[in-house]
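**Student:** If you want the building blocks of each chain, they are given just below.
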Amino acid sequence: GAGVSQSPSNKVTEKGKDVELRCDPISGHTALYWYRQSLGQGLEFLIYFQGNSAPDKSGLPSDRFSAERTGGSVSTLTIQRTQQEDSAVYLCASSWDRVTYEQYFGPGTRLTVT
Amino acid sequence: DAKTTQPPSMDCAEGRAANLPCNHSTISGNEYVYWYRQIHSQGPQYIIHGLKNNETNEMASLIITEDRKSSTLILPHATLRDTAVYYCIVRTNAGGTSYGKLTFGQGTILTVHP
Numbered sequence: 391g392a393g394v395s396q397s398p399s400n401k402v403t404e405k406g407k408d409v410e411l412r413c414d415p416i417s418g419h420t421a422l423y424w425y426r427q428s429l430g431q432g433l434e435f436l437i438y439f440q441g442n443s444a445p446d447k448s449g450l451p452s453d454r455f456s457a458e459r460t461g462g463s464v465s466t467l468t469i470q471r472t473q474q475e476d477s478a479v480y481l482c483a484s485s486w487d488r489v490t491y492e493q494y495f496g497p498g499t500r501l502t503v504t
Numbered sequence: 227d228a229k230t231t232q233p234p235s236m237d238c239a240e241g242r243a244a245n246l247p248c249n250h251s252t253i254s255g256n257e258y259v260y261w262y263r264q265i266h267s268q269g270p271q272y273i274i275h276g277l278k279n280n281e282t283n284e285m286a287s288l289i290i291t292e293d294r295k296s297s298t299l300i301l302p303h304a305t306l307r308d309t310a311v312y313y314c315i316v317r318t319n320a321g322g323t324s325y326g327k328l329t330f331g332q333g334t335i336l337t338v339h340p
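Those protein sequence lines, which keep their order, are chains G and H. For my numbering, add 390 to where a residue sits in the first sequence, where the first one is 1. For my numbering, add 226 to where a residue sits in the second sequence, where the first one is 1.
To be clear, the hints were calculated from the coordinates, so they are not data collected in a lab. Predicted, not measured: the structure shown is a model, and the values here were computed from it. Every residue gets a Cβ at the ideal spot worked out from N, C-alpha and C, and that includes glycine.
Covered stretches of chain H (chain G as the covering partner; in silico rule of three or more C-beta atoms under 8 Å from a C-beta of chain G): (1) 269 to 282; (2) 325 to 337.
For the chain H half of the interface with chain G, some residues (derived, Cβ under 10 Å), not all of them: (3) Y262; (4) Q264; (5) Y313.
With the hints as constraints, model all of the structure from the sequences given.
**Tutor:** Put into structure tokens, the structure is as follows:
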């Protein structure tokens, strides 16, 4: 079946612009996670959705970052007024529920802020 | 979640077993040991997990010491396609405020050579 998909695969934007990154989880997965992978920083958690609500936003680095999920499915991560330090690969993962052992990751969106 | 310690890099000859160690001396009773791997330019991929018993699946075996303070991931017949970063992660499956998020360390870069 279809896995987690993310779009765009690559995004180059100018400093100060807003960007939207999209995640399509596996159908039926109620839990959705966003992670970020920066050069030299490893993978870090950003936000968790259960259904359409986000009980854990503790990893969002600043108020320029926000995310929403609609219909218990697609999620959008928005970064406003992008900065060069936002350059990273943004990864989305989904699972059946929050305690399920297996999270399925998408291929990621590589964001470059110039 | 408990912290893990892994060697930064390891080498393995193709066809031989790759044994990747992980220390998690502060693991608590309800925490599982998970292994994920990340092949270059892809999202992380779940490999295996366990609580206290040894586990085996089609990808690998997981050996957990009796005191649960360390574990070893075994790839029985490594191939060139197993070259990746391998992450050992300790997390609870009991719900709670961790919400199932994965906390990645630096992992072990495994290089399988011909």
